[in-house]
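Keeping their order, the protein sequence lines are chains G and C.
Using full-length UniProt numbering, you'd call the opening residue of the first sequence number 1 and step up by one each time.
Using full-length UniProt numbering, you'd call the opening residue of the second sequence number 1 and step up by one each time.
Simulated from the structure, these hints should not be mistaken for lab results.
Do not take every clue at face value.
[Unchecked claim] Within a straight-line C-alpha distance of at most 30 Å, the following computed BS3-like cross-link-like pairs (lysine-lysine) qualify:
#: 1; chain 1: G; residue 1: Lys178; chain 2: C; residue 2: Lys312
#: 2; chain 1: G; residue 1: Lys316; chain 2: C; residue 2: Lys316
#: 3; chain 1: C; residue 1: Lys428; chain 2: G; residue 2: Lys178
#: 4; chain 1: G; residue 1: Lys312; chain 2: C; residue 2: Lys178
Everything numeric in this text was worked out from a predicted model, so none of it was measured.
There are 2 protein chains.
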Amino acid sequence: MFRLSFILNIRPSSRQIIYSSRFTHSIYPLTIREVYDKKPLNQSINLIGYLLNARKLKTHYFLDLFDGSLTNNQKHLQVVASFNNHPDLPHLTYGCSINVQGKFVQSNHPKQEFELQAETISLINSSDASNYPFKPNAEQTLLMLRKDEHLRLRSPLAQVVFRLRSQLMFSLYEYFYKHNFVQIQTPCLTRNDCEGGGETFRIQPYKSHKTQAEKEYFNDQVYLTVSGQLHLETAANGFGRAYTLNPAFRADKNLSRFHLAEFWMLEVEVAGTYNYLNFVCFTKLDQLLNAYIDLLRTLAIDIYSKCSEEFKYLIKNNIQSTHIDRFLQQNDYPRISYEEAVNYLRNSVDFHNFPDDGDFTRAHENYLCQTIMNNQAFFIINYPKKLKPFYMSINDDDATVANFDFIFPSIGELSGGSLREHRFENLKLRLDEFDLTHDLQWYLDLRRFGGMPTGGFGLGIERFLMAITGIDNVRDVILFPRYYQHCDG
Amino acid sequence: MFRLSFILNIRPSSRQIIYSSRFTHSIYPLTIREVYDKKPLNQSINLIGYLLNARKLKTHYFLDLFDGSLTNNQKHLQVVASFNNHPDLPHLTYGCSINVQGKFVQSNHPKQEFELQAETISLINSSDASNYPFKPNAEQTLLMLRKDEHLRLRSPLAQVVFRLRSQLMFSLYEYFYKHNFVQIQTPCLTRNDCEGGGETFRIQPYKSHKTQAEKEYFNDQVYLTVSGQLHLETAANGFGRAYTLNPAFRADKNLSRFHLAEFWMLEVEVAGTYNYLNFVCFTKLDQLLNAYIDLLRTLAIDIYSKCSEEFKYLIKNNIQSTHIDRFLQQNDYPRISYEEAVNYLRNSVDFHNFPDDGDFTRAHENYLCQTIMNNQAFFIINYPKKLKPFYMSINDDDATVANFDFIFPSIGELSGGSLREHRFENLKLRLDEFDLTHDLQWYLDLRRFGGMPTGGFGLGIERFLMAITGIDNVRDVILFPRYYQHCDG
Numbered sequence: 001m002f003r004l005s006f007i008l009n010i011r012p013s014s015r016q017i018i019y020s021s022r023f024t025h026s027i028y029p030l031t032i033r034e035v036y037d038k039k040p041l042n043q044s045i046n047l048i049g050y051l052l053n054a055r056k057l058k059t060h061y062f063l064d065l066f067d068g069s070l071t072n073n074q075k076h077l078q079v080v081a082s083f084n085n086h087p088d089l090p091h092l093t094y095g096c097s098i099n100v101q102g103k104f105v106q107s108n109h110p111k112q113e114f115e116l117q118a119e120t121i122s123l124i125n126s127s128d129a130s131n132y133p134f135k136p137n138a139e140q141t142l143l144m145l146r147k148d149e150h151l152r153l154r155s156p157l158a159q160v161v162f163r164l165r166s167q168l169m170f171s172l173y174e175y176f177y178k179h180n181f182v183q184i185q186t187p188c189l190t191r192n193d194c195e196g197g198g199e200t201f202r203i204q205p206y207k208s209h210k211t212q213a214e215k216e217y218f219n220d221q222v223y224l225t226v227s228g229q230l231h232l233e234t235a236a237n238g239f240g241r242a243y244t245l246n247p248a249f250r251a252d253k254n255l256s257r258f259h260l261a262e263f264w265m266l267e268v269e270v271a272g273t274y275n276y277l278n279f280v281c282f283t284k285l286d287q288l289l290n291a292y293i294d295l296l297r298t299l300a301i302d303i304y305s306k307c308s309e310e311f312k313y314l315i316k317n318n319i320q321s322t323h324i325d326r327f328l329q330q331n332d333y334p335r336i337s338y339e340e341a342v343n344y345l346r347n348s349v350d351f352h353n354f355p356d357d358g359d360f361t362r363a364h365e366n367y368l369c370q371t372i373m374n375n376q377a378f379f380i381i382n383y384p385k386k387l388k389p390f391y392m393s394i395n396d397d398d399a400t401v402a403n404f405d406f407i408f409p410s411i412g413e414l415s416g417g418s419l420r421e422h423r424f425e426n427l428k429l430r431l432d433e434f435d436l437t438h439d440l441q442w443y444l445d446l447r448r449f450g451g452m453p454t455g456g457f458g459l460g461i462e463r464f465l466m467a468i469t470g471i472d473n474v475r476d477v478i479l480f481p482r483y484y485q486h487c488d489g
Numbered sequence: 001m002f003r004l005s006f007i008l009n010i011r012p013s014s015r016q017i018i019y020s021s022r023f024t025h026s027i028y029p030l031t032i033r034e035v036y037d038k039k040p041l042n043q044s045i046n047l048i049g050y051l052l053n054a055r056k057l058k059t060h061y062f063l064d065l066f067d068g069s070l071t072n073n074q075k076h077l078q079v080v081a082s083f084n085n086h087p088d089l090p091h092l093t094y095g096c097s098i099n100v101q102g103k104f105v106q107s108n109h110p111k112q113e114f115e116l117q118a119e120t121i122s123l124i125n126s127s128d129a130s131n132y133p134f135k136p137n138a139e140q141t142l143l144m145l146r147k148d149e150h151l152r153l154r155s156p157l158a159q160v161v162f163r164l165r166s167q168l169m170f171s172l173y174e175y176f177y178k179h180n181f182v183q184i185q186t187p188c189l190t191r192n193d194c195e196g197g198g199e200t201f202r203i204q205p206y207k208s209h210k211t212q213a214e215k216e217y218f219n220d221q222v223y224l225t226v227s228g229q230l231h232l233e234t235a236a237n238g239f240g241r242a243y244t245l246n247p248a249f250r251a252d253k254n255l256s257r258f259h260l261a262e263f264w265m266l267e268v269e270v271a272g273t274y275n276y277l278n279f280v281c282f283t284k285l286d287q288l289l290n291a292y293i294d295l296l297r298t299l300a301i302d303i304y305s306k307c308s309e310e311f312k313y314l315i316k317n318n319i320q321s322t323h324i325d326r327f328l329q330q331n332d333y334p335r336i337s338y339e340e341a342v343n344y345l346r347n348s349v350d351f352h353n354f355p356d357d358g359d360f361t362r363a364h365e366n367y368l369c370q371t372i373m374n375n376q377a378f379f380i381i382n383y384p385k386k387l388k389p390f391y392m393s394i395n396d397d398d399a400t401v402a403n404f405d406f407i408f409p410s411i412g413e414l415s416g417g418s419l420r421e422h423r424f425e426n427l428k429l430r431l432d433e434f435d436l437t438h439d440l441q442w443y444l445d446l447r448r449f450g451g452m453p454t455g456g457f458g459l460g461i462e463r464f465l466m467a468i469t470g471i472d473n474v475r476d477v478i479l480f481p482r483y484y485q486h487c488d489g
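Start from the sequences, fold in the hints, and give me the full structure.
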């Protein structure tokens, strides 16, 4: 067991002196990051953090203090504490939390510029080091960390992943804010199953032990949403540009490295000029694809510029997206139609029996991506209408819809999107076909009273994180993953 | 019925000319807002929008085009179209959507600076004006709009409300980004009921008609979260500063103007130096309150500066928060203890029988706020431990906890927060008391392995919106409200 055995209460100074030389910081408690940023040289400061390492050299201890505030997780603050024979010397263990009060000074040591000369060090919580899953100097892998979801943010590797996730979220907010989108919170609880026939969760009020029977809370069956798109369209019709960044839920009993029962999804919906006049205009599917590519590229550039330390750290841990250059540099991706994709499959050895109007499985997407597309990301557009939901706009051929799937190497479908059927009569026919006219009267209403042509897409946050980082399991990029037979905490 | 009866296809111009003089805009379809921003004078542009008004004067029609892109919803774009006897003249109705192509020019009319000289106007979707709930020039109220949740974003009044909401969200993201917080998405699906005994929703996979019995999807009972706090604490222990802005769910059968079954909640959790050394430091409750006040004030200032048009519009519609000046100016609010609050109640006529360790109802809060606090917002701190959950830090008196409720005039409890019990032994005792040690082993683990002292609070997004706008019903500030017996769409 790792044990440090030492230190406390060196040179207790008078409170007056400490107060008067105290460094004023933000309204929040001081962090190591803030100390490095503002460099309050020769001032007395107070920090808390975890003890990660300690070395004894002659008359002093050298401690690595870590508080999770630094982007570069390797940059601890070195605390220097002269030894004395304090009678209550505690036995500090790896990972314990301590409170250090001392002076921030220039360091004489060549390895670091600054150090904290401790005046008092006190233990906050000791650490049960023999059972602590993270060992000093032991290599950590995402797979190992996954076993301790609730503790993994104590690990620098997981910290890097979730800092990237946090930056991704903010980059998204900023992108849409700058483009004058209105952010909407679409509901999680819904009477409507947008995709028609997906696996959903039903909700009911918890039956307490006291009551034998509990009436329904709502007047109707209510589900957890699989997509906020239909609700979002009410906002696109109002504001022209709207997005939502919400949880979504699927009850698929799928244990693959891509599937979650609860995940986060960006959904974007934009109104635009319709192609009446044959201008270059948004609701031509290509324009939607251009907007989508612009988003991916802007996000990638933003995240890369702001998280370069994090990406270096991942690479050092052998995690690297081999496809990220595309996001950063490419202004376009190949666009093939469903029909072309089917022809490619039928010309192959493995899939020459591909049926008419068949849906693509992951195996088909992989073949197309690896063999036909030379392992590049690409779009498949214009699927047969019978494979897709009622809301997609039917093309002039009356056989296909104006939609896209974006297929990414080693991930598969990263996004799907389409132009929406905005013509009242056409939408009514489609709803009738699916026997949804009664349930979705409100959605049809959007077209009954004017209604703009809109198009949009969804982007799974976790899959996008996998794509830009190269992390290959979705359970590593969401803090408390929920999937079949797994809901810890 | 309102009917406009006119117009189409004036001076069809050659496509070449239109293309060559086309104004290049952002990757998204052009909006009226962008046109006003960039003023592409004498250039040919293409816009879609709703027709809100039309006047015929001599040889021309004057149309008000509205596309929802403008912050100031009164600023439509005036479209000028010379009359001609086009044989296919459609009958355009109030609220129909049209596509206008024409030249953006300086206007001669004193009432507006610019106008769009239409070359072609085409109908996208007509509007069933007799059934359209929003009538031209009719006054709209939030109560009326609530009847048509799915259409209300077509109304300027609702647009103003949801623009404010969107701005609030972004102001929050920005505040925490600037303060180096990490944003976490805590799960909606959880085995844990943080508040202990609140009304919760249980989930189960939807039973399809095909299968008679469906096994549980998870291995255990799973609920919709009532708070992400416990999960968020794992992040505060890792990063020091973390927040979440997530949906939360309560199954209360409460039809009051404050209650929703699904609402959005900001939760903030910050690690900080503990009060061992008697310094001025975060985990003294006062410091947590200071941080909370700083947040409210920063948000209010930011939203006010960015949405002045929206606030003017609300005031014009007789909606105004009479307490907002406090948010903007006040650096502090009165802080009274639970004990003091009880004494005030017992000295009153109505509540002189208030019991020992009794919990406050809305009536009590109202009395304290209106009569004792002169209708000011205020804090009640240090509640008896028996009234509060296990995770709150017990004060030295061993009778009260270091918590706060923030009471806002006409809203009631706007926020609650506390220091958390970070000492392993103390927390274990509390969990044992509540018989939660087995279920919350993971939460206890946070203290078993070091663990920092943290404090935090929650802020209901909808209630905060009510507080800053003066809107008095929570159903008006969330797009698709869910409450007892109500889940539309």
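Outcome of the hint check:
no. : hint                : in the structure
1   : G:Lys178 x C:Lys312 : holds (23 Å)
2   : G:Lys316 x C:Lys316 : violated (59 Å)
3   : C:Lys428 x G:Lys178 : violated (48 Å)
4   : G:Lys312 x C:Lys178 : holds (23 Å)
Going through the hint list in order, the structure does not satisfy hints 2, 3.
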